[in-house]
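Using the hints, position chain H against chain E.
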Amino acid sequence: MYEELGSEDFVPITVALDRCADDPRPFVEAAKATHPSLIDTEHRLAELYHLTNVPTILWIDEAGRIVRPHDAQFGTDTFTAFHHKKSGPYLEMIRDWVRTGAGALADEETRRLQPEISEASQQSRAERALAWFLQQRGDEDAAARHFERAGELAPLDWTIRRGSMPIQGKNPFGPEFFELAGEGQPEYAMEAVTPTRDSD
Amino acid sequence: MTQPFTLIDDGQAKALQATVEGDRVRLPEAEVHRALGWQLKPEGLCQGDTCIPVRDPSSLSNEAGLDLEALSKLLGRPLAVDGESRAAALAASATDRTQSLESLEAPDFTLPDLAGVAHTLSDYRGKKVLLIAYASW
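Note that the protein sequences, when read in sequence, are chains E and H.
Going by the working numbering, the first sequence opens with residue 6, and the numbers climb by one from there.
Going by the working numbering, the second sequence opens with residue 5, and the numbers climb by one from there.
With the rest of the complex left out, here is chain E (with noise of 0.2 Å):
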């Protein structure tokens, strides 16, 4: 899609909120990706942007405005079975934006969409932090008790939850993940909004 509309006024830039380059790179490689495909170890745009899942797309203006705040959507069918979402829809919506400007959000419902961040949420950031420092250092018992404390503070992040799972060299598609998945999905305001869902 990126090819097909052209880079003088658009650029799609994705960032692996992983915990090496390798991890995202078969990815990347498969996807023969022309665009900047970034690597954010220290979940740097989780903080930035408040993220709790993943995947999720965003749209800055020229001007370096947002114009439509984060959103669970999908590129691709390959999960539709699990999450109900068309990427049809969504990619079309993507060229709207591209060509005419339309589905840009205004600057009163860009704030409404956007999440909610709490205390206990920056104080699992803080912890999460830690522990990643601490994991990287070689200490696994210190880091694993401050993941832990990340996840109480912050039960439906799954940049935490989920994202520490490789790290502690759990699968997170294995059953620890199928048993957070039951406690219920981390949803951002403006999925609603957007009209990709099976139903619609």
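Misleading hints may appear alongside valid ones.
Stated by the list, open to error - When the alpha-carbon atoms are kept at most 27 Å apart in a straight line, the in silico BS3-like pairs for lysine-lysine are as follows: (1) H:Lys131 - E:Lys37; (2) H:Lys77 - H:Lys45; (3) H:Lys18 - H:Lys77; (4) E:Lys91 - H:Lys132; (5) H:Lys45 - E:Lys90; (6) E:Lys37 - H:Lys132; (7) H:Lys18 - H:Lys45; (8) E:Lys91 - E:Lys37; (9) E:Lys90 - E:Lys37.
It is worth saying that the hints were derived from the structure and are not from the lab.
Being a predicted model, the structure only gives us computed values, none of them experimental.
Relative to the frame of chain E, chain H by itself:
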């Protein structure tokens, strides 16, 4: 007696000297000034022209320095501590993050691509950007 200590300040790891007792951490005033830019003055805890009044200086500061937990509360920033591991992390306050997003200016960042080349979001001003976060998990 101080020992090496790491303070992760909003994602940036800083090497300091600190006195640690359990999870109570004291940072010498000079270290707080050097690493965090805040100084204790008669007016309060100050950074540039901004001063935060300190109601009870004795609970914040003694001869070993400033208590990290008291300091974090004064700054309104969440703190995670592991005394035994000689490390702590200070996150941004919920207020700061909320205000940043409410400004609708996309927070800037610099991250490497898979070849290690750094990319900064604001370098792409002038184009529409689709910012996509994903993961192998």
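Do the hints match the structure? See the list:
1. H:Lys131 - E:Lys37: holds (21 Å)
2. H:Lys77 - H:Lys45: Given that 27 Å is the threshold and the Cα spacing comes to 17 Å, the pair holds.
3. H:Lys18 - H:Lys77: holds (19 Å)
4. E:Lys91 - H:Lys132: Holds, because 23 Å separates the two Cα atoms, which is no more than 27 Å.
5. H:Lys45 - E:Lys90: The given pair, whose Cα atoms are some 57 Å apart, is violated under the 27 Å limit.
6. E:Lys37 - H:Lys132: holds (21 Å)
7. H:Lys18 - H:Lys45: holds (23 Å)
8. E:Lys91 - E:Lys37: With Cα atoms ~23 Å apart, Lys91 of chain E and Lys37 of chain E stay inside 27 Å; holds.
9. E:Lys90 - E:Lys37: holds (25 Å)
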